[in-house]
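So the sequences go chain by chain: A and B.
Numbers in the numbering used here are just positions in the first sequence, counted from 1, shifted up by 2.
Numbers in the numbering used here are just positions in the second sequence, counted from 1, shifted up by 28.
Careful, some of the hints might be misleading.
As the list claims (entries may be wrong) - Which bits of chain B does chain A cover? Going by a derived footprint, with three or more residues having C-beta under 8 Å, they are:
(1) 52-62
(2) 83-91
(3) 148-157
(4) 375-384
To be verified - Some but not every residue of chain A turned toward chain B, in silico, with C-beta under 8 Å:
(5) Asp-5
(6) Met-8
(7) Pro-10
(8) Lys-17
(9) Gln-20
(10) Cys-41
(11) Leu-43
(12) Lys-47
(13) Trp-54
(14) Asp-59
(15) Leu-60
(16) Ser-64
(17) Pro-67
FYI, nobody ran anything at the bench for these hints, they're computed from the structure.
Just so you know, even glycine gets a beta-carbon here, dropped at the ideal spot from N, CA and C.
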Amino acid sequence: MHDQQMDPLGRTVTKDEQELLALFRQLERLSQRTDLPPCALMNVKQAMVLMWNACNDLFLISEDPRGD
Amino acid sequence: MTQHWSPYWNPKVETLPKDQLRALQLKKLQTLVQYACTHSPFHRRLYEKAGVRPEQIKTLDDIRRLPFMTREDWMANQAEQPLFGDLITRPPADAIRYHLTSGTSGRQPLRVLDSRKDWSWITDMWCYGFWGFGIRPRDTVFFAFSYGSFIGFWGAHYCCEKIGCLTLASGNMTTEQRVKQIVELGATVVCATPTYALRMGQTAEKMGINLKRDGKVRRVIVSGEPAGSIPAVKKMIEDMWGGKCGDTAGMTEIGTIMVFECEQQPGGPHIIEDHFIEEVLDSDTGEPLPYGQRGERVVTSFGRSFIPLIRYRTKDLVNKVPHTHCSCGRNGDIYEGGILGRTDDMKLIRGTNVYPRAVESVVREHAEIEEFQIILTRTDNVQDEIAVKIELKPNQQDCWPRLRAQLSKDLADAHEGLRFNVDLANVGELPRFELKAKRLQDLRPTN
Ligand SMILES: [Zn+2]
């Protein structure tokens, strides 16, 4: 997966922001899994939502808010 | 080592130059309108009827192409397709929370659903406000509020957990117990309605507790009543508690707060403009008003995914002034004096909505009553009182003690337990009407 270089306004994404985004994407992928134990999956979903919140506040993403 | 915190919850976006903030809002608006049209049949119909398509939103001014959404539309949609209507964008099973307003007699409640992301966002909006008013991880926050099906303060509680404060709920406590706890625990922040913040102060006095001397409260955060932005009320609260009093305002429809006071307190709360577009319009013509002119708030929220809120007519009266009225550096414009009132006849009494029509529907169930008046007053510039004055039909005086008790109970039951004073008028004392009866006298001072 490519690192996201620009935010939705076309501004360069900083190194810290790239790290936050990568974490979010990773959690997003994991939260779609159906084969993880409940204790992993539900906590991953909660973690994903918190990372979404950080990326959304920083306006690093602008997309369909479903998928939780 | 002492951590040096940013004064902003979101330093990057809260201080963006205004043109970039507007660009952000446009992007979010385009995404939201497209999303609403695709996933909410209610919105799709609304826009088809108005002949507008998402791709026509090319500038922020294009928001004016979009039709308004009203509470009446929402209620009608819920009634047609119980429980939630087809306004919602997702199956109810996707939600993790369900909140509703109190349905007063003859009125159905407003029902809202939130997903995991929605709830985290709701919490986050409170974080903008709490952080902006100086709440930090070391604070101990006491919520003097009883949580239930009403959404009020729920998000604030979760916000304090997110910030890392020691957070205490007190739904099971009496006022005396709350006062005792606040002192014993050394709470540094208290959250309540402004009326209740004062009541706790008065109770403390009666208990021989000087909150200023014995307590450690440095911030009182109020919500739920317009009184929180009245300077005289703030001063009374600050004199009692010894901490700074800050106002916030929100609504069930958006699930959270959309404005908060920063530590500079320039005379009104900032709008959280990266998550909301707040228009101020002439409520009769729907035309935008310039800064400094009182008009109706119309809100577009970028938050809750379950229920898109686009150009929602709030009926709140506000006066918007530029962000430059404050020196804190935030780019969010300011509602001078907070929420100033309502465009319609709904009355807010100690945090509860009262509609004259709902009162009338209770009163009219008793055939012994000839005429009545609703009288609203304000005690000590703070505490709102509602009285219903009853004039009985001739020769019905004997039923008064029973009727009075029954009315007090029925009116309270229909209004979330709100206390009504029920008084007896002399025969012939109350005005009679032929057309357009005026049965409500609002004797409270205007802000
Ligand atoms: Zn400010």
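How the hints compare with the structure:
{"no.": "1", "hint": "52-62", "result": "holds (count 4)"}
{"no.": "2", "hint": "83-91", "result": "violated (count 0)"}
{"no.": "3", "hint": "148-157", "result": "holds (count 3)"}
{"no.": "4", "hint": "375-384", "result": "violated (count 0)"}
{"no.": "5", "hint": "Asp-5", "result": "19 Å, violated"}
{"no.": "6", "hint": "Met-8", "result": "12 Å, violated"}
{"no.": "7", "hint": "Pro-10", "result": "5 Å, holds"}
{"no.": "8", "hint": "Lys-17", "result": "14 Å, violated"}
{"no.": "9", "hint": "Gln-20", "result": "14 Å, violated"}
{"no.": "10", "hint": "Cys-41", "result": "17 Å, violated"}
{"no.": "11", "hint": "Leu-43", "result": "12 Å, violated"}
{"no.": "12", "hint": "Lys-47", "result": "6 Å, holds"}
{"no.": "13", "hint": "Trp-54", "result": "6 Å, holds"}
{"no.": "14", "hint": "Asp-59", "result": "5 Å, holds"}
{"no.": "15", "hint": "Leu-60", "result": "6 Å, holds"}
{"no.": "16", "hint": "Ser-64", "result": "5 Å, holds"}
{"no.": "17", "hint": "Pro-67", "result": "4 Å, holds"}
The structure is inconsistent with the numbered hints 2, 4, 5, 6, 8, 9, 10, 11, although it conforms to all the rest.
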